[in-house]
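As given, the protein sequences belong to chains B and Z, one line each in that order.
Residues 22 to 468 (the working numbering) make up the first sequence, in order.
Residues 22 to 468 (the working numbering) make up the second sequence, in order.
If you're looking for bench data, these hints aren't it; they were derived computationally from the structure.
Note that CB positions come from ideal geometry on N, CA and C, so glycine has one too.
Check the hints yourself; a few may be wrong.
[To be verified] Covered stretches of chain Z (in silico footprint by chain B; criterion: 3 or more residues with CB under 8 Å from a CB of chain B, positions within the stretch not fixed):
# : region
1 : 65-71
2 : 339-348
3 : 392-399
[Stated by the list, open to error] Okay, the calculated beta carbon distance ranges per label pair:
#  : chain 1 : residue 1 : chain 2 : residue 2 : range
4  : Z       : Ala156    : B       : Asp291    : 29 to 37 Å
5  : B       : Gly158    : Z       : Asn48     : 34 to 42 Å
6  : Z       : Ser406    : B       : Asn48     : 51 to 59 Å
7  : B       : Val268    : Z       : Gly222    : 55 to 63 Å
8  : B       : Asn48     : Z       : His434    : 51 to 59 Å
9  : B       : Asp35     : Z       : Glu377    : 37 to 45 Å
10 : Z       : Gly320    : B       : Glu155    : 40 to 48 Å
Protein chains: 2
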Amino acid sequence: MPVIERGAGRGAADVPVVRVGVLGCGNVGGALVDIVDEDADGIAERSGVRLEVTRVAVRSLAKPRVASLQTERLTHDAHSVATDPDVDVVVELIGGIEPARTLIVDALKAGKPVVTANKELLANFGAELFAVAEAAGRDLLFEATVAGGIPLLRALRVSLAGERIRRVTGIVNGTTNYVLSRMSEERIGYGEALQEAQSLGYAERDPTADVEGYDASAKAAILASIAFNADIVAGDVYREGIETIEVDDIDFAHRLGYEVKLLAVAEHLDPGESGIPAVAVRVHPAMVPKDHPLAGVRGPFNAVFVEGEAVGDLMLYGRGAGGRPTASAVLGDLVDAARGLVGGGAVWFPARSRVEVRPIDELEAQYYLTIDVLDRPGVLAAVASVFGAHGVSIRSMEQVDLGTEARLVFITHRAREADVQATLAGLRDVEAVARIGQLLRVIDPGH
Amino acid sequence: MPVIERGAGRGAADVPVVRVGVLGCGNVGGALVDIVDEDADGIAERSGVRLEVTRVAVRSLAKPRVASLQTERLTHDAHSVATDPDVDVVVELIGGIEPARTLIVDALKAGKPVVTANKELLANFGAELFAVAEAAGRDLLFEATVAGGIPLLRALRVSLAGERIRRVTGIVNGTTNYVLSRMSEERIGYGEALQEAQSLGYAERDPTADVEGYDASAKAAILASIAFNADIVAGDVYREGIETIEVDDIDFAHRLGYEVKLLAVAEHLDPGESGIPAVAVRVHPAMVPKDHPLAGVRGPFNAVFVEGEAVGDLMLYGRGAGGRPTASAVLGDLVDAARGLVGGGAVWFPARSRVEVRPIDELEAQYYLTIDVLDRPGVLAAVASVFGAHGVSIRSMEQVDLGTEARLVFITHRAREADVQATLAGLRDVEAVARIGQLLRVIDPGH
Chain B
22 MPVIERGAGR GAADVPVVRV GVLGCGNVGG ALVDIVDEDA DGIAERSGVR
72 LEVTRVAVRS LAKPRVASLQ TERLTHDAHS VATDPDVDVV VELIGGIEPA
122 RTLIVDALKA GKPVVTANKE LLANFGAELF AVAEAAGRDL LFEATVAGGI
172 PLLRALRVSL AGERIRRVTG IVNGTTNYVL SRMSEERIGY GEALQEAQSL
222 GYAERDPTAD VEGYDASAKA AILASIAFNA DIVAGDVYRE GIETIEVDDI
272 DFAHRLGYEV KLLAVAEHLD PGESGIPAVA VRVHPAMVPK DHPLAGVRGP
322 FNAVFVEGEA VGDLMLYGRG AGGRPTASAV LGDLVDAARG LVGGGAVWFP
372 ARSRVEVRPI DELEAQYYLT IDVLDRPGVL AAVASVFGAH GVSIRSMEQV
422 DLGTEARLVF ITHRAREADV QATLAGLRDV EAVARIGQLL RVIDPGH
Chain Z
22 MPVIERGAGR GAADVPVVRV GVLGCGNVGG ALVDIVDEDA DGIAERSGVR
72 LEVTRVAVRS LAKPRVASLQ TERLTHDAHS VATDPDVDVV VELIGGIEPA
122 RTLIVDALKA GKPVVTANKE LLANFGAELF AVAEAAGRDL LFEATVAGGI
172 PLLRALRVSL AGERIRRVTG IVNGTTNYVL SRMSEERIGY GEALQEAQSL
222 GYAERDPTAD VEGYDASAKA AILASIAFNA DIVAGDVYRE GIETIEVDDI
272 DFAHRLGYEV KLLAVAEHLD PGESGIPAVA VRVHPAMVPK DHPLAGVRGP
322 FNAVFVEGEA VGDLMLYGRG AGGRPTASAV LGDLVDAARG LVGGGAVWFP
372 ARSRVEVRPI DELEAQYYLT IDVLDRPGVL AAVASVFGAH GVSIRSMEQV
422 DLGTEARLVF ITHRAREADV QATLAGLRDV EAVARIGQLL RVIDPGH
């Protein structure tokens, strides 16, 4: 059991002091140390615990740090911080799988609650870490892993614990939302919008993890795990990125009353023949109706739309990234963990249910499809017959003249993904089809 | 200490059973009993506690109830439920001050955590009830008192416990938001929109509490108390309703790029000479810029916009009323209280700080003002000189011809409320001024 000193003689009488060890001190860690150092009295007053960052593990002792970070708190040795008997709670902000995973396990085994912002680790080894935390009877909190400062995971874990969640749909990657917002607002191309995002610090120099949807997939796995009390890993998530989105697609979306957004969707489905509850989790760009609350989420903001049986529609909106918003989420967890430690109650972990993860093939949605064809008589009939042969019904079609070719832009009625993919395969065999263009799923709020 | 039976032999092995007594069984109570009865297994699986509604106190035993509510659970005697040794957690859904207040106090003193949806009681006697709960070491949870199913108060109390909240701005009354949305969308008058709201069940037959802002004031007091850890009561809240809003005002707002919304605003201010932290809490219609996330909140929906030092801007959006959404919030609290009881940790209540509640006079904002004047030369100069004499600077003016009269529509630069009120008093003395029309505060996201 960690030592909890009383705060007597420290200004705020009778407020217990909780000593915090921080592993990793980049953007988020620096902001966290700053906030805790500057506002320790305020935090004590508001939360009933006095936080003191007593040790900080960093990679390089030479790098310039926030002014308040005196060198005597700094060390190279992260493991000594994670297991230090004079540290009560550990915050892991190193990121990546190792050494973060071992450090968290060792901290929990040493009886310390852990707060982490590490989405990659949680999305791949969450089940293992929860088992260690449960065995140790210590909290493992991770609000900052999804949608930065938005108080989302605690809402799902506590406020909505009694609620049957049907679906969670999120804009959980600020980089891609910024890029798509700029393409939508300024009618600039993907490349130009991405460059702008990079120059403003909203995108990394290597933007792969964001634009190809890997970052959103990790968050989708965590969201689905919490919403459905299941062990969903990043590899369970169907994934597409935004690299192929063109301004033409966005123009078309606008004309039809939609915005294009990269969505993370986690859905609860009816159990199949096995009787095991089923879920589907996916990340892909989609057309979102303009009057849907997610359509108005612009720039680097994040938002998560939750559909529950009793509560109906909820949305939580805010900054999904950045040092201070993310540090705010870490701080909330830190206060919660510290209060739990001081209060001495049992730590609660939900039972994980076995679920079946359904493949994208079984998705039912409306689809936006573009197909470039040779501009000659009879082509539309040939194309339409392929749709018909696979049972995909066309809701609307528009033809755009491209010179010797024409672009056919289709919106389908609700159809199964497998049938739409079969339709595309069939279309590739039609001689007059020059190329298959875009495929976007269309969000239909009624379903 | 209440008896906690183990759930062995009940299907979900090793899940503790928590027996719930419900006081009041109207819309919300009926929905709650329904959900708990129908989904007890699901709730046990998701939350780790098995809830059983064992007793329900109702006013009339004759009234038809939800099918699942067998008469053996029903009683007239609310007090016997609140203090029943076979009830572990009490849910108060009677509303109003008495007998709810006494029942809650007696339940807490009997060692039972209490969940309530009673905003009137919390907004007037919160401090007293928290003191009783703290002394009893039992939870008193009230998520459902503000913004129905939106998981707002727990976000403020836990996730943002480390955060310095600067301002909370909410659309917390669905009736008035529905009325204003219809006036905005359909250009119908206040009376017609209110009738429509009544016929759809969004407004009571006597709509006073909603349209005059009393309901929103109680919620603003609770929000301010939680956001600033202070004892703010409904009487501390400056209040205006929406009865005087005309379609013309909304047209003008649209032309200038605004929507008109009834807002509850709780602001943290710099301490004055006394050094005591200061807050301002008010409810009034306001012009909200169209690109502000609150402007898009339509119909009966609620939303609360939170500005924090580290987290930046957050918004939580959802259904603010209705049996099932409100029951969902009660259920979340119930699960939290039940887990706390089973886990056995200390219950935490924030220290309440002394704050100074500043009057509306000290507000600084931009203002929208309409003044009807006799249409003759020299009037504008006379009017403008009154603004000038009180230091209120005009940002824009538009004149609308009304025949023998003219309507002057002003937007001011930022000004003090006291100076604006003095300007209006001065204008009443100008002979050519026929009547003072509307005064609306304008939300300026920069401040």
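Cross-check of the supplied hints:
1. Judged by the Cβ-Cβ criterion of 8 Å, the region 65-71 of chain Z is covered by chain B as claimed, because 4 of its residues qualify and three suffice.
2. Check result for the region 339-348 of chain Z against chain B: holds, 6 residues qualifying (beta carbon to beta carbon below 8 Å, three or more required).
3. Taking a C-beta to C-beta cut-off of 8 Å, the region 392-399 of chain Z contributes 0 residues in contact with chain B, too few for the three needed, and the coverage statement is violated.
4. With their beta carbons about 49 Å apart, Z:Ala156 and B:Asp291 fall outside the hinted range of 29 to 37 Å.
5. Between B:Gly158 and Z:Asn48 the beta carbons are some 40 Å apart, a value that agrees with the proposed interval 34 to 42 Å.
6. Checking the proposed 51 to 59 Å range against Z:Ser406 and B:Asn48 shows it holds: the Cβ atoms sit about 54 Å from each other.
7. Remark: the range hint 55 to 63 Å for B:Val268 to Z:Gly222 is contradicted by a beta-carbon distance near 45 Å.
8. The supplied range of 51 to 59 Å is broken by B:Asn48 and Z:His434, whose beta-carbon atoms lie about 38 Å from each other.
9. For the hinted restraint 37 to 45 Å between B:Asp35 and Z:Glu377, the CB-CB distance of approximately 25 Å leaves it violated.
10. Z:Gly320 and B:Glu155 have their C-beta atoms about 43 Å apart, which keeps the hinted 40 to 48 Å range intact.
In summary, the numbered hints that this structure violates are 3, 4, 7, 8, 9.
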